[in-house]
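Add chains Y and L to chain A, keeping to what the hints say.
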Amino acid sequence: MAIERHGTTQRYSDICAYGNSIYLVETPQTLDANVATQTREVLAGVEKLLEQAGSDKSRLLMVTIYLRDISDAIAVNAVWDRWVPRGTAPARICIEAKLTHHDFLLEVAVIAAR
Amino acid sequence: MAIERHGTTQRYSDICAYGNSIYLVETPQTLDANVATQTREVLAGVEKLLEQAGSDKSRLLMVTIYLRDISDAIAVNAVWDRWVPRGTAPARICIEAKLTHHDFLLEVAVIAAR
Amino acid sequence: MAIERHGTTQRYSDICAYGNSIYLVETPQTLDANVATQTREVLAGVEKLLEQAGSDKSRLLMVTIYLRDISDAIAVNAVWDRWVPRGTAPARICIEAKLTHHDFLLEVAVIAAR
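Protein chains in written order, with the numbering used here: chain A, 1 to 114; chain Y, 1 to 114; chain L, 1 to 114.
Calculated from the structure, these hints are not laboratory results.
You may find that some hints are simply not true.
Stated by the list, open to error - Here are the simulated lysine-lysine pairs, BS3-like style, with alpha carbons at most 30 Å apart: (1) K57/A - K98/Y; (2) K98/Y - K98/A; (3) K48/Y - K57/A; (4) K48/A - K98/A; (5) K98/A - K98/L; (6) K48/L - K98/L; (7) K57/L - K98/A; (8) K98/A - K57/A; (9) K98/Y - K98/L; (10) K57/Y - K98/L; (11) K98/Y - K57/Y; (12) K57/Y - K48/L; (13) K48/Y - K98/Y; (14) K48/A - K98/L; (15) K57/L - K98/L.
Extracted from the complex, chain A is given alone in its bound form (with noise of 0.2 Å):
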């Protein structure tokens, strides 16, 4: 079974789909916001991506948030509440941890169904 990429560089895809499995990881694209800037524009980037794999926001089955300040979470946690389907949360965590790019506030590692 071909495994399907989008955004795909030396180093990393952008996505890559698995029969029905799907793994992404999306960064911030402006490096001067504040973290909620930072997170609407990785979530909507999510959404972009799963999209592109044929799924929705509404199919996640786990995430990982990657905060550079744990302390961020409240003013993730306020936009990822807004931008999940009602009744779709996926299993979830959230850790602080340093990233390679120190000006992105978060990354979010995403497995979703297709």
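What follows is chains Y and L alone, placed relative to chain A:
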């Protein structure tokens, strides 16, 4: 194919099952307990959630253990090693990470087979 | 459906395969080596484990790289970029995290397709 969820709030589900795959995150219940007690609680919770989804602790595939203090790994492993059915241990990684709730000494993310 | 495991101890398996999905965690072998050497060792180990499970490094779906020191990302990426077959890179995230063994400069968690 439908996603089966349990314990769904606006923010997260306790567990999502899709086809033959199961995804869950478990947290401690007794916030002032020591790490051995919190680990026993978390693993008992994992077991209960797996049973809700028609699986059990002998069918773990990949487990990520997040510890507030990596030096707790010894105590966590002592509980873990007694809990895993012989010959069924999953791929496993254990890292230190700040968690969203200061009183959580660990959180566990699990991928399992139905 | 049975889970196929290799390198199973009481604590972990080196790799678990289930249906068309593969889960593994790999660690360095030479504890006093520099990060480039440890990265080469880890990726060679990933390759060997994937072959044991009937897959190969062109079938990665999602990779999480945990670094003891995030500033090692440059050295890790230099090795990674040469290792990944062109056009097959997975979804990938790289974070800093304290690991259970102080001499590990990195650990890698992999989800791959059979």
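Here is how each hint holds up against the structure:
Distance hint between K57/A and K98/Y is fulfilled; the C-alpha atoms sit about 27 Å from each other, no more than 30 Å. Using a Cα cut-off of 30 Å, the hinted pair K98/Y and K98/A holds, with the two alpha carbons roughly 11 Å apart. Of the supplied pair hints, the one linking K48/Y and K57/A holds, its CA atoms being roughly 27 Å apart against a limit of 30 Å. In summary, the hint linking K48/A to K98/A is supported, as the alpha carbons are separated by about 26 Å, within the 30 Å threshold.
With a C-alpha separation of about 11 Å, the suggested pair K98/A and K98/L falls inside the 30 Å cut-off, and the hint holds. Between K48/L and K98/L the CA atoms are separated by roughly 26 Å; this keeps the pair inside 30 Å, and the hint holds. Our distance criterion of 30 Å between C-alpha atoms is met by K57/L and K98/A, whose separation comes to about 27 Å. For a cut-off of 30 Å, the pair hint linking K98/A to K57/A stands: about 26 Å separates their Cα positions.
A threshold of 30 Å between alpha carbons decides the hint, and for K98/Y with K98/L the separation of about 11 Å falls inside it, so the pair holds. About 27 Å separates the Cα atoms of K57/Y and K98/L, which keeps this hinted pair within 30 Å; it holds. With a C-alpha separation of about 26 Å, the suggested pair K98/Y and K57/Y falls inside the 30 Å cut-off, and the hint holds. For the proposed pair K57/Y and K48/L, the alpha carbon gap of about 27 Å is at most 30 Å, so the pair holds.
Restraint check: the Cα-Cα separation between K48/Y and K98/Y comes to about 26 Å, which is no more than 30 Å; the hinted pair holds. Distance hint between K48/A and K98/L is unfulfilled; the C-alpha atoms sit about 33 Å from each other, more than 30 Å. Under the criterion of a C-alpha separation no larger than 30 Å, the hint pairing K57/L with K98/L is consistent with the structure, at around 26 Å.
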